[in-house]
Amino acid sequence: MAFTSCKKFLDVKPTSQIEQDQLFENEQGFKEALNGVYTLCAAQSLYGGSLTFGYLDIMAQNYDFTDVGYTNIASFNYTYVDMINRNADIWNSSYRAIANCNYILNNIDKKKSLFTGHNYELIKGEALALRAYLHFDMLRMFAPSYKSKPNASGIPYITSVTIKSTKFSTVSQAIDSVITDLKTARTLFRSSDPIVSNYSVGYPGDDGAPEVSDADLFMQNRRHRMNYFTTCGELARAYLYKNDMVNSLAMAREVINSNRFPATNGTDFNQSDNTKKDRIFYKELISCWYINDNKDIKSFLLAAFAGDAPLFSPTSTQIDDIYESGADGADDWRYRQWFFKTKVGSSSIERALLQKYLTNTAPVKNLHPLVAPALRLSEMYYIAAEASFDTDPLKAMDYYNKVRRSRGIGNDLTDIPARADFIGLLLKEARKEFYGESQIFYMYKRLNVPIKAASGVSYPATDKVFVIPLPPDEEAFRNN
Amino acid sequence: MRGVKCKFLLVLKLTTVLLLIGALHLSAASYSQTVTISRKNATLETLFGDIKQQTGYLFFYSEKINTGGKTQNVELKNVPLTDALGILLKSYDLTYTIVNKTIVIRNKVPEEGSGEAAKKAEINGTVVDSINNKTTLPGVSITLKKTKTFLGQTNGNGEFKVAVDEGDILVFTYIGYSTREVKAVTGKPMLVKLGQKMNNINDVVVTGYQVIKRDNYTGSAISVKGDDLKRVNPNNIIQSLAAFDPSFRIDQNNLLGSDPNALPKINVRGSTTLPSLNGGVLDRNNLSSSYNLPAFILDGFEVSLQKVTDLDINRIASITILKDAAATAVYGSRAANGVIVITTKAPKPGKLQLNYNYELTVTAPDLTDYHVLNAAQKLEYEKLAGLYVAGTSAAYNQDQLDEMYYSRLKNVVSGINTYWLSQPLQNTFGHKHSLYAEGGDTTFRYGVDLRYQNTPGVMKGSGRTRYSGGMVFNYNPTRNLLFRNELTVTQVDATDSKYGDFSTYVRMNPYYPIRDGSGNLIREVANWRVDTHAEGADQFKNVPVLNPLYEASLGNFSKNAYLEVLDNLSIDWKITPSLRFIGLVSITDNKATADQFISPYSNVFYLTPASEIQNRGSYTYASNNTLNIDGNARFVYNKLMGDHAINAVLGANITSDKNDAKSFVARGFSNDKFTNVGFARSYEPDGRPNGNITLTRLVGTFLTTNYSYKNKYLIDGTFRLDGSSAFGSNSRFAPFYSGGLGWNIHREGFMKGLSSVINRMKLTVTAGMVGSVDFPPYLSKTTYSYQTANWYSTGIGAVVNNYGNESLKWQKTDNYDVGLDLGLFNDRVTVIPHYYYKLTHGLVNDINIAPSTGFSTYKANLGDMTNKGYELAVTVNAYRAKDINVNLTANLAHNKNTIVKISNALKSYNNMVDTMQANVKNNLQGTPLLRYQEGLSLNTIWAVKSLGIDPETGKEIYVKRDGSLTYDYNVKDTQPVGDITPKAEGYFGGSVTYKQFLLSFSFHYQLGGQMYNQTLVDRVENADPRFNVDSRALEERWKKPGDISFYKNIADLGTTYATSRFVQKDNLVELRSVYLSYDLNRIVAKKLGLQMFRVALTANDIFRSASAGVERGIDYPFARSLTCSLQATF
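So the protein lines, in turn, are chains W and Z.
Numbering-wise (our numbering), the first sequence opens with residue 218 and increments by one.
Numbering-wise (our numbering), the second sequence opens with residue 13 and increments by one.
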């Protein structure tokens, strides 16, 4: 008796931090834990930085550097100390976010009775989807591509909270785990996610403020979180990665045919008034990471893409080349709106500064919040094009042309090209679309094609380039 | 003001409580004064019981009186008490006296003239102090040894007159003096000399839970009287305590020197914890002071180190350092680093006595270790260092350099030679007044103390002012019950110097003037153009040299203060003569605030761009409230049964510590006249308020017993069960235990013949296991933090902080101790050697795990460390004569620390340190950083081995790990090159009393350790020649081939790395204190209406001789002090 009351007395609840059991005492706690995972994902070491514009895009040879550190990254010098640290940072942060998902999943089934409405399905679905999304990106970075070595050791797929290290899955096992989690999440979302039935996509300032009008903050901005269509889109990615064209096409089509994500209006994109300007094709984003409130990232973005010495900038010639301004790309909206050509500092070389991630400084408002794209509609078209080319090349060309037309490129592709040529065309298009979004690196890797640099150097499609070595700590401290 | 009011209210409340208790007592005491007894065949005890019940009178008699055996029939009805007693005792050989409601029963003394007893003689004499043979002792009690009859006391002149038989043994007892037995002599007046007890506190050991006779105790403990403590250093309790026991070690804080606001770093018998890593790199200066700290127990309750340093030294009755397991095991999970038990003075009964104490402390900065260049030397040094040769830097061409040189030469020639070092310093006068009043009768005693003490520091403007007031009540409603309440209110105000770090002044060039022609302070005294090696416009940068005195002239301030209210309430109840119950409750409430203002004109904002001008100036406010509640209850059992003596304590305690901290930073002030935080423009850009609450709780229960047989053979045993909120939920309770054996060899028959040589010889052996919880609470739990500064668009996020190890446990320390306590020639020489061995296992440590788990480390109990060593303390009463008494003391301690086992995280920490050290940006090349290796000490110095400077080239020769030689430094060649732990450390000193004078002194020494001489690196070789340097940089560096020099080429501006070249012997002797006092003769004092009057002089840190020349006191210089004190009792 005295002993148990003693135990109770000693069971001190922290007040400025909160204990796991306390957090998961109510629905609100689960919501906060879920928001926490998004905060982690939107951090600079993940999608608010390295995994969007700061690291994989350097490897995709999208910028031009004189700085030694970035040159080492751009030339895949994986033994370079800074690069080892960056890789470890990405790996550790991803798995930290995954552990946060697992804490939610560990607790949610025991507390099912706490939830109101569809929140149980939503929260569980999102935690599963996030876990799959993060693992898939780790797989795409740290393991050989499915195309080159499907049975090679991949990554550990972590589904529980433990300090014992989990065994590595092979590449194909890991993709299957990703697909399983995404499918479960998709099922959970189908009946619960408002984006499926009754949801309109728009800018926050539009009439009726679609997306931000719900009285419950948690139910606003479905596209800032994992949703039903993200699971479809991510499944399309994953099936494509393992060469399952049929399923991949089905998933991409589901997103396209839902017509949930309207094409961005030319007047919004080509605005001269900065407060009314859509810089990112906001309405076409199926999912994105919200980074508007992160001051560190905002100031980092300013340093990266503006000022006298921007950290990340391509030369104007490089951009002209990527966007084929000499051929049919001169009128490309993206070429005209996403880049600002100027000479910086004392250098004589003209540079093209990326405008995608700039915001107007407060109090001048922006048309949309600052976000990092997680999945965009155009990628669904590219996937659909690639997945349907073998069976229906005309349909594939139609997907391809549709994106080009919506970007202001007039002349359609009319003659059926050879498959390899079509893939080449898709790559060119995707590179334009994904500039500063890192997806192009994964595409090179998936297709196992060499990466061409502006200097004319070409990095061959080998594991030495495509497989980022595991962080030393992961190798040193695992026990299986 | 608030403090005073608060105290007043509390007093009112207390008085009410006490009055209530008094009233209760009165009603209970209304017994009758007559007795009615009707019993048959009753023993005396039964009858006494009846009388006690009816009258409330208590009976007091020793076992020696003859009450047993007989019974009697009694029939008394309403007989007055005295008559009743007469009747009852008639048939016994007993008599009685009534003293204050107690009936004392004694054997009847045989009546005079009866039988063959020798004739009583009138004997007279005088009792004097044995040291000067002059001071007479009034009030000495005299008893007859044979019958234990009290014969009387000496009068005011120390004279006595008793009637005894010739040859009877008289026993003289007097407080503070040794008891003496003398044979009565008739004829001439006797002269009885009583010797003062050298250290009567040494006869008992105060463990905080009980007071035990030293003879019957097996633990290792050192006790120091408050007065002795004060003699060594009246201004610093911690420093002075160290002089009595070198295993109580204070780490030299070379950065903070004599800053009155700095807390010392302490360990007892070596380190038992690893410093916590928290991601950073450690060098010896950034270890926190709370690391390895012993537990401080003040009047039964645990207090902070801060509380102890702010205590009024005049209030201390004694301090006991408990070291081994047998002594500390009652403190269980708090005991591994030793326990310091402090007791304050309890009020003495008697008429009102006033004790006033005044101290004047003069301090002066000690700059003897600073040798900087003067203006002419500095310029010469700059020239030799190649500062005025074009080509070494692209920043200037030769013409510009020449111009620069000559403009400085002009300054030098025109007589500018600023001694910057003295600018921020001052000599200080600190005052302390303390007043203590005590008095009362045996039922109610009180003590009131007031203190004002200001301790200005030698850096201008820094200082610490302490105010405290307290009240103690002792209330004995009956002989068996004691209530005690102690209330203390302390206010401490601490101010930091606005002159900034002392090191800034040390660096300033002597050819810089302080003021311009019109007498105004110059803000920018120089401007260096620096080549940053960056491209384009950024290649050159102007670096201004700003005048620190300009900064000091602004309205900056940095101060902190706390108000602490402490109340202790205790009940001591003697249930039976051998069983006591003691209950205590203590509440401490501490409210601390810190305010720091930086003026908008500050040099900090010198480079602020124009667009940010409205954000200049900052105000940082932090508050910290601590509430500590501590309660303990215990039963104390003491019984002597023939040859068996038992002393046992069974108790429990419970503590709760709550700490609530809040802080914020405000920005944007228009000037430094309006410094109130209300004048701030906004919060710090992107800043937010901070807050943190921690709560720790502890519950413990313990049993400790001492048994001795014939005072010869001793056995100690202690068991404690502790529960702490910091332990993981899988292991909430921890057992701790100890055992000890002792043998008083001097009490053995075979030692009888030697008793004139060896009067005491006690051998003790103890062993046990104690613990420490040196990790923050909540590490054992998985906790979440809210991302308050960074909301997601769909709400605030909560993120997991750490992997909570539910199995996290306390650290366990196995502790073994062997000791001898030797007293020779009636304690004229005492020798106390001890040997100990401590093995700490389950060090709380970071464990690296595969990051794919989501965590890179978690805390677990992994790692072992040992400390072994010996201690020796010797005291000699070297000379004793009529007026002179000379005592000498010396002590020595040796400790060896070894890391037995460490975790993988600490090993990978070593790699991280290598990387950090190699990275030029961190500027750590010249500092030996802490590294850990199994088999080596925590105090190892790590650097690359060096053979010194090559006389041919002036370059350093390094030894690689494989033993080959090289000019190229590689951080991977770092090896252990020394150990800072001295082979022996201790104090020696002595005291001389001559008549009314007392002179004592104490030296500190250490031998056999090493140090890394940072000064030689930072201030001689890595010194930036653009700033002032140590004079050795000019005088002793290599200049031309063939020079055999300790230092590398003077023109070599490359980095000097941490190498064994700078590891030097760290031998040291310093005179820590000299004390001289004069006591006014008691008779003279009496005439002046005083009971005691003393003037004293203490000088601290006056002399120092060390083998290594180091600049000491980098950010705050060391100081010497002289204290004059005056003590009077009315």
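Because the hints were derived from the structure by calculation, they are not lab data.
Source: prediction; values computed, not measured.
For each residue, glycine too, the CB sits at the ideal point set by N, CA and C.
Any given hint could be a false lead.
Said to hold, decoys possible - Computed cross-link-like contacts, EDC-like style, restricted to lysine to aspartate or glutamate with a CA-CA straight-line distance of at most 20 Å:
#	chain 1	residue 1	chain 2	residue 2
1	W	Lys364	W	Asp607
2	Z	Lys200	Z	Asp239
3	W	Lys512	Z	Asp826
4	W	Lys230	Z	Asp669
5	Z	Lys919	W	Asp228
6	Z	Lys913	Z	Glu946
7	Z	Lys670	W	Asp228
8	W	Lys224	Z	Glu818
9	Z	Lys724	Z	Asp215
10	W	Lys582	Z	Asp698
11	W	Lys512	Z	Glu696
12	W	Lys515	Z	Glu624
13	W	Lys515	Z	Glu696
Said to hold, decoys possible - To give an idea of the chain W side of the interface with chain Z (calculated C-beta under 7 Å), a few residues:
#	residue
14	Asn511
15	Lys558
16	Thr559
17	Lys560
18	Val561
19	Ser565
For each hint, the structure was consulted:
no.	hint	verdict
1	W:Lys364 / W:Asp607	holds (18 Å)
2	Z:Lys200 / Z:Asp239	violated (39 Å)
3	W:Lys512 / Z:Asp826	violated (51 Å)
4	W:Lys230 / Z:Asp669	holds (13 Å)
5	Z:Lys919 / W:Asp228	violated (34 Å)
6	Z:Lys913 / Z:Glu946	holds (6 Å)
7	Z:Lys670 / W:Asp228	holds (14 Å)
8	W:Lys224 / Z:Glu818	holds (14 Å)
9	Z:Lys724 / Z:Asp215	holds (16 Å)
10	W:Lys582 / Z:Asp698	holds (19 Å)
11	W:Lys512 / Z:Glu696	holds (13 Å)
12	W:Lys515 / Z:Glu624	holds (19 Å)
13	W:Lys515 / Z:Glu696	holds (17 Å)
14	Asn511	holds (5 Å)
15	Lys558	violated (20 Å)
16	Thr559	violated (16 Å)
17	Lys560	violated (12 Å)
18	Val561	violated (10 Å)
19	Ser565	violated (11 Å)
In summary, the structure is inconsistent with hints 2, 3, 5, 15, 16, 17, 18 and 19 from the numbered list given earlier, while agreeing with the others.
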